[in-house]
Structure formats: C-alpha cells, structure tokens
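**Student:** The chain contents come next:
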Amino acid sequence: MRNCEDIAESLGVWLDGELSLADAEVIRLHLEGCAQCDGKRRQLEKLHSSLKSLFEANSPRVALEPFWRGVQERIAERRTWRQGITEWVRSALAGPAGAWAVPAAIVIVLAILSVDSFRKLATQRNNFAAVESIDAHGRNVALWREDETKTTVIWLYHNQEGENESSEENTETRPSF
Amino acid sequence: MEPSDWELVQRCQAGETGAFQELVSRYHQKICIVVIGLLGNREDALEVAQEAFFRAYRKIKSFQGGSSFYTWLYRIAVNIAIDSQRRQKRNPLEFRETMDGLFEEQNEVARDPFSDVHDRELREKLVAAINDLTPEHKAVIILRTVEGLSYKDIGAILGCSEGTVMSRLHYARKKLQEKLSAFL
Chain A
1 MRNCEDIAES LGVWLDGELS LADAEVIRLH LEGCAQCDGK RRQLEKLHSS
51 LKSLFEANSP RVALEPFWRG VQERIAERRT WRQGITEWVR SALAGPAGAW
101 AVPAAIVIVL AILSVDSFRK LATQRNNFAA VESIDAHGRN VALWREDETK
151 TTVIWLYHNQ EGENESSEEN TETRPSF
Chain B
1 MEPSDWELVQ RCQAGETGAF QELVSRYHQK ICIVVIGLLG NREDALEVAQ
51 EAFFRAYRKI KSFQGGSSFY TWLYRIAVNI AIDSQRRQKR NPLEFRETMD
101 GLFEEQNEVA RDPFSDVHDR ELREKLVAAI NDLTPEHKAV IILRTVEGLS
151 YKDIGAILGC SEGTVMSRLH YARKKLQEKL SAFL
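From first to last, the protein sequence lines stand for chains A and B.
Heads up, the first sequence is in this note's numbering, so the first residue is 1 and it goes up one at a time.
Heads up, the second sequence is in this note's numbering, so the first residue is 1 and it goes up one at a time.
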C-alpha cells in the first residue's frame with residue numbers, strides 16, 4: 001500500500017498515462033478513497049489545462065505561404081553563397097582573364113611534369129660518378145656506379161694528349177660506356 | 001493516399017523541393033507553437049522556426065530514418081530555440097504585432113480563455129512562473145502539454161533519458177504549482 005506522499009509523486013506520471021497498468025490502478029483506487037490526493041489531482045489537471053490554454057491562445061495560425069517563402073529565401077541565400085564561389089571561378093577562367101589563365105595552367109602542369117622528369121634524369125645521372133685526371137702525364141681514372149645492380153667500375157686509362165687539359169678535349173677523351 | 005513522412009524525406013533526398021514543402025506544411029504550425037511557447041516572442045519564434053526548417057533541409061541527406069522525422073525536426077527546432085533563449089533574453093510573452101502577414105487574422109478576444117478578471121490574473125502569474133523556469137524545464141512542459149508527446153519522444157527530442165524527462169516534468173510542475181497555489 002502506498003502512502004499519500006508516494007501517490008503525490010506519481011500523480012503527474014499517472015495523468016500523463018506513463019505508468020504501467022498495475023501502478024495506474026493502484027493510484028486510481030487510492031484517489032477514490034483519499035480526498036486530499038484527489039484534490040492534488042484536480043490541481044494538476046487545472047494546471048495542465050491552464051498551460052494548454054495559455055500556449056494555444058498565444059500561438060496564432062501561421063500562414064504557410066509567407067512562412068515557406070522565408071524558408072526558401074534562406075535556402076536561396078545559401079545557394080547564392082555557393083554560386084558566388086562557382087561564378088568567381090568561372091569568371092576567372094572566362095573572357096580576357098582566361099587568355100592567361102589557361103596557358104598559365106598549362107605551364108604549371110608542364111613545370112610539374114618537367115620537375116618530375118628532371119628528378120628521374122638526376123637519379124640516372126647519379127649512376128655515372130666522375131672522370132678525374134690523376135697526374136700531369138695524362139693518366140685518368142673513371143669511376144662508374146650503377147645503382148640498380150650495385151655495380152661499380154673503376155677504369156684507369158692513359159690519355160695520349162694528357163698534357164692538354166682543355167675542357168673540350170677532356171670531354172672527347174672520356175671513355176664511353 | 002497521402003505519402004508518409006519517410007517517403008517525403010526520401011523524395012527530398014533525391015532533390016525534390018516540393019516534397020520538403022509538403023513536410024513544412026505538415027509541421028510548420030506545430031513547430032511554431034512549440035517555439036513560441038519556448039521563446040514567448042512571436043517574431044523571434046518565427047525566425048527560429050524558419051531556421052529550423054532550413055537546417056533540416058540542409059541536413060536531410062544525413063537523415064537515415066532511425067527516428068521519426070518529426071522527432072528529428074523538433075530536436076533541431078528546440079535546440080535552436082534553447083540556444084536563442086540563452087543568447088538573448090528578450091521580454092518574453094510580450095507579443096508584438098503581426099509581421100508581413102505571417103500570422104493569420106483571428107478574433108483574439110473570442111478565443112482568449114483568460115477573459116475574466118480572475119483568469120487574467122492567473123494568466124499573468126502563469127506567464128511569470130513559466131518564464132522563471134529554465135529552458136530545459138520549459139521545453140518538457142511545452143512538449144508534454146501542447147504536443148502531448150510521450151516521455152520517450154520528449155527524451156529523443158531533448159537528447160535525454162525518459163527518467164530525466166520524468167524528473168524535469170515533476171520539478172517544473174511543482175514549481176508552477178507553488179507559484180500558482182492561490183489560483184489552482
């Protein structure tokens with residue numbers, strides 16, 4: 001058997017229809033025999049009806065058309081913001097600006113590809129180390145390193161025109177691999 | 001046969017704006033009542049209600065149907081309203097005149113249930129008592145009283161458990177009863 005305090009605590013939940021059937025029945029039976037708790041029930045019901053009347057009285061009918069227009073305007077504003085960026089990009093590419101924008105884009109792409117090719121070439125060049133003159137009598141050493149197979153070739157050779165150290169001649173006398 | 005909310009949502013996700021308009025027509029009145037109840041100010045409430053629908057439109061592709069559409073929509077609206085209420089403490093329930101024909105004309109006197117002196121006094125006290133509640137307590141009172149939503153749905157809207165809804169409702173009613181004891 002529940003006392004009046006317990007019943008008062010559960011009255012709101014009971015009025016909201018959120019109690020189990022068994023608990024709701026206990027409260028109903030208690031209210032039938034307890035004038036004090038029944039008075040509290042009436043108070044809660046009056047509070048509920050007063051609140052409902054107040055909120056409904058203060059909530060006029062809102063016309064759909066102008067309301068929907070307001071929502072549409074917000075959606076359109078958002079689209080306008082997006083469109084603004086799209087149009088800016090388009091305008092940058094269109095008309096006189098496009099005359100430099102497109103070639104500039106091509107140059108940038110080519111530059112990126114060239115850098116890539118250069119790096120590959122540079123890597124290949126790393127395979128070939130150097131040709132150095134050992135002494136003043138035309139003896140030279142060529143050092144060749146091939147990264148892929150980890151092969152190193154050291155070639156000593158004598159240059160017939162060793163005393164002539166001009167760069168052009170050095171180039172001509174380099175061994176070919 | 002009328003399409004269900006979920007069917008309209010799916011059409012909306014496919015880019016059909018007309019389907020979203022149908023959802024707006026189904027729920028704009030309910031959302032406005034709840035938001036007006038929370039904010040007390042009609043102009044602010046309409047702004048918030050429109051913003052809620054706009055955000056729902058923006059996020060509708062992420063709506064997977066895990067909850068009902070109206071619970072999801074109420075959640076957006078109530079969250080905006082609570083944030084708005086915290087940001088700006090405007091004079092609540094001091095309703096202004098209609099704006100741009102948004103409110104349909106009606107005979108206020110005829111439908112005012114607080115027409116006699118006693119009831120007018122009750123209304124004033126009621127308004128003052130509601131305004132003293134926190135936004136969270138006000139929200140449970142409105143969702144339960146005006147919309148008649150279950151504790152489960154209110155919990156889903158406010159992002160809290162049914163137990164929390166129950167205790168918030170109990171506390172809010174107790175506070176209101178204390179302040180209105182002479183009138184109830």
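A hint or two may mislead.
Computed list of lysine-lysine pairs in DSS-like fashion (alpha-carbon distance at most 25 Å, straight line) [stated by the list, open to error]:
hint: 1; chain 1: A; residue 1: Lys46; chain 2: B; residue 2: Lys59
hint: 2; chain 1: A; residue 1: Lys52; chain 2: B; residue 2: Lys179
hint: 3; chain 1: B; residue 1: Lys179; chain 2: B; residue 2: Lys152
hint: 4; chain 1: B; residue 1: Lys30; chain 2: B; residue 2: Lys59
hint: 5; chain 1: B; residue 1: Lys152; chain 2: B; residue 2: Lys175
hint: 6; chain 1: B; residue 1: Lys59; chain 2: B; residue 2: Lys152
hint: 7; chain 1: A; residue 1: Lys46; chain 2: B; residue 2: Lys61
hint: 8; chain 1: A; residue 1: Lys46; chain 2: B; residue 2: Lys174
hint: 9; chain 1: A; residue 1: Lys40; chain 2: B; residue 2: Lys175
hint: 10; chain 1: B; residue 1: Lys179; chain 2: A; residue 2: Lys46
hint: 11; chain 1: B; residue 1: Lys61; chain 2: B; residue 2: Lys125
hint: 12; chain 1: A; residue 1: Lys52; chain 2: B; residue 2: Lys125
hint: 13; chain 1: A; residue 1: Lys46; chain 2: B; residue 2: Lys30
hint: 14; chain 1: A; residue 1: Lys40; chain 2: B; residue 2: Lys61
hint: 15; chain 1: B; residue 1: Lys174; chain 2: B; residue 2: Lys152
hint: 16; chain 1: A; residue 1: Lys52; chain 2: A; residue 2: Lys40
hint: 17; chain 1: B; residue 1: Lys125; chain 2: A; residue 2: Lys46
hint: 18; chain 1: B; residue 1: Lys59; chain 2: A; residue 2: Lys52
hint: 19; chain 1: A; residue 1: Lys52; chain 2: B; residue 2: Lys152
hint: 20; chain 1: B; residue 1: Lys125; chain 2: A; residue 2: Lys40
hint: 21; chain 1: B; residue 1: Lys30; chain 2: B; residue 2: Lys152
hint: 22; chain 1: B; residue 1: Lys61; chain 2: A; residue 2: Lys52
hint: 23; chain 1: A; residue 1: Lys40; chain 2: B; residue 2: Lys174
Read the hints as simulated data drawn from the structure, not as lab findings.
**Student:** Each hint: holds or not?
**Tutor:** Right, here's what the structure says about each hint:
For the hint linking A/Lys46 to B/Lys59, the alpha-carbon distance of about 40 Å lies beyond 25 Å, and the restraint is violated. Of the pairs offered as hints, the one joining A/Lys52 and B/Lys179 holds, with about 17 Å between alpha carbons and a cut-off of 25 Å not exceeded. This hinted pair does not check out: B/Lys179 and B/Lys152 have alpha carbons roughly 28 Å apart, beyond 25 Å. Between B/Lys30 and B/Lys59 the CA atoms are separated by roughly 20 Å; this keeps the pair inside 25 Å, and the hint holds.
The hinted pair formed by B/Lys152 and B/Lys175 meets the criterion: a straight-line CA distance of about 23 Å does not exceed 25 Å. At roughly 23 Å between alpha-carbon atoms, B/Lys59 and B/Lys152 fall within 25 Å of each other, so this suggested pair holds. Of the supplied pair hints, the one linking A/Lys46 and B/Lys61 is violated, its CA atoms being roughly 43 Å apart against a limit of 25 Å. Only pairs whose Cα atoms come within 25 Å are accepted, and A/Lys46 paired with B/Lys174 is accepted, the gap being roughly 13 Å.
This hinted pair checks out: A/Lys40 and B/Lys175 have alpha carbons roughly 14 Å apart, not beyond 25 Å. Among the hinted pairs, B/Lys179 with A/Lys46 is consistent with the structure: their alpha-carbon atoms are about 14 Å apart, no more than 25 Å. Of the supplied pair hints, the one linking B/Lys61 and B/Lys125 is violated, its CA atoms being roughly 44 Å apart against a limit of 25 Å. Distance hint between A/Lys52 and B/Lys125 is fulfilled; the C-alpha atoms sit about 15 Å from each other, no more than 25 Å.
With a C-alpha separation of about 23 Å, the suggested pair A/Lys46 and B/Lys30 falls inside the 25 Å cut-off, and the hint holds. Proximity of A/Lys40 to B/Lys61 is assessed by CA-CA distance (about 48 Å); at most 25 Å being required, the pair is judged violated. For a cut-off of 25 Å, the pair hint linking B/Lys174 to B/Lys152 stands: about 21 Å separates their Cα positions. With a C-alpha separation of about 18 Å, the suggested pairing of A/Lys52 with A/Lys40 holds against the 25 Å cut-off.
This hinted pair checks out: B/Lys125 and A/Lys46 have alpha carbons roughly 14 Å apart, not beyond 25 Å. Between B/Lys59 and A/Lys52 the CA atoms are separated by roughly 32 Å; this puts the pair beyond 25 Å, and the hint is violated. Restraint check for A/Lys52 and B/Lys152: satisfied, since their Cα atoms lie roughly 20 Å apart, inside the 25 Å limit. A C-alpha spacing of about 19 Å is found between B/Lys125 and A/Lys40, which places the hinted pair at or below 25 Å, so the restraint holds.
This hinted pair checks out: B/Lys30 and B/Lys152 have alpha carbons roughly 18 Å apart, not beyond 25 Å. With a C-alpha separation of about 35 Å, the suggested pairing of B/Lys61 with A/Lys52 is violated against the 25 Å cut-off. A threshold of 25 Å between alpha carbons decides the hint, and for A/Lys40 with B/Lys174 the separation of about 11 Å falls inside it, so the pair holds.
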